[in-house]
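For chain A, the structure is supplied; the task is to place chain B on it using the hints.
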Amino acid sequence: MKAFTLDHAPNADTALAAMGQGATAIAGGTNLVDLMKLQVATPERLVSIRRTGLDTIGYDGDGLRIGALVTNADCAADMRVRQDWPLLSQAILAGASPQLRNRATTGGNLCQRTRCGYFTDTTQACNKREPGTGCAAREGFNRIHAVLGTSEACIATYPGDMAVALLALDAVVLTQGPFGLRQIPLAMFHREPGEDPSRDNVLQPGELITAVKLPAPTGGRQVYRKVRDRASYAFALVSVAVDLTMEQGRIARCALAFGSLGTVPWRDPAVEAVLVGEVPSPALFAQAAEILLRDARGFGANDFKIPLAARALAATLAQATKG
Amino acid sequence: MATNLATAQLTAPDSTANVNGTQHALPTDPRRTLLDWLRDDLGLTGTKKGCDHGQCGACTVLVDGRRINACLSLAALHGGDTIETIEGIGTPDVLAPLQRAFVTHDGFQCGYCTPGQICSAKALMEELAQGWPSAVSADVAAHPTPTPDELRERMSGNLCRCGAYANIIAALEDVIAAEDVA
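Chains A and B, in that order, give the protein sequences.
Letter by letter, the first sequence follows residues 1 to 323 of this note's numbering.
Letter by letter, the second sequence follows residues 1 to 182 of this note's numbering.
Only chain A is shown next, with the shape it has when bound in the complex:
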């Protein structure tokens, strides 16, 4: 690890002041410390936000406000989340290990970096780690890489599970920064790489996530399905989050989000539009998959993700619409 200084902020304002002077915020550190060991991240100054008090969950009208420092474990175990937003519990529990979930936080999880092997190997070309060096993944080992939202510069996925559920649940990210407070819909939080893959999300320098807000529960049937190489403790190859309501045998409303398929947590209104009002059937699910994957492009080793996503979508919809 490169040398750095470490300060401890007693509240968000103090943390923001330090961040305004160039400090990087650290909470659980499960991703950042790892990247610092690899010298993928080399901050000169860290400010701990662990004691800033942003670690509570509370009702916000009919919705829920989850503090940025609430651990993944605490969020998944919260009875309000389990009863009214079970998709979020399911997605969090599908990710990482109990040890990591005890340390990883809500805000940090949203900011986790890609697991692209070329990003974490400092001897390789990577536009995300070092802009302008190229992308070794395009013609390299790209089995885990994205098939949607890619660019010439980058084909890395956002790897997490929690954000996929939050996207389907219409969550909003609350931030505080040099320009005041912002409420960023999760759908607008992560950035597709375009020509500048170095920025994973729309946070400005010195801006801190303070909480995530969930709107009122929909009462829909919620399913998180994660397909991966082993039964537990592995990143998704493809994941599907659905929150769906049936009325008189038809799909009355439906929110769908996909993980590890695109460069960002993926949601496509056209997919939902084709499902709403219809009677569920394998043909309908295939039609939805066709729309979802109309612009999908594989890079060789990840070509399999395209048919896999279609099958994962069909299986998830079958489960969420049955009986």
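Don't read these hints as lab results, they were simulated from the structure.
Please note: incorrect hints may appear among the correct ones.
Which bits of chain A does chain B cover? Going by a derived footprint, with three or more residues having C-beta under 8 Å, they are [said to hold, decoys possible]: (1) 32 to 44; (2) 92 to 101; (3) 243 to 251.
Cross-link-like lysine-lysine pairs, in silico, DSS-like; alpha carbons within 25 Å at most [stated by the list, open to error]: (4) K37/A - K49/B; (5) K37/A - K2/A; (6) K2/A - K49/B.
Given the structure is predicted, the values throughout are model-derived calculations rather than measurements.
The C-beta atom is built at its ideal place from N, Cα and C for all residues, glycine as well.
Chain B alone, transformed into the frame defined by chain A:
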């Protein structure tokens, strides 16, 4: 944001942590991980370094009763925390029930992952008692039942290269039955 809130207002937190009942000064070098501090500075070498990247669970310790990967945590962030390592769980003369069960069921071959497995299992018992769900719970809102599937999922953060998994699960089932967990 005013920039006059400078370093002076950044508090120095409690610079000590309690490890297995004894208060210790935290390291001054912020690069020190909790794992390296425990092993190299405090000589508590029961906690093992496997992958050093949060993938194997050999470094699992309990912080305020919660299991974490000590390799991914900066020691300086543990001011005021209470840390328990395998040395605090039992001794060769007075084995903890989990340690006894691992011996009875032969829950290891080389033993390198065992301290992490036992720390992890101890926290698992508490999580079950608190009613935490897991990825294999059919209903996340329900109180979990400690089936073998549940135990395997809940121990998935601890890898065993020797493949003693079946015996590890048998050891856990013994302790759960004896202590009426969950």
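Hints versus structure:
no. : hint          : in the structure
1   : 32 to 44      : holds (count 3)
2   : 92 to 101     : holds (count 7)
3   : 243 to 251    : violated (count 0)
4   : K37/A - K49/B : 14 Å, holds
5   : K37/A - K2/A  : 8 Å, holds
6   : K2/A - K49/B  : 20 Å, holds
In summary, the structure is inconsistent with hint 3 from the numbered list given earlier, while agreeing with all the others.
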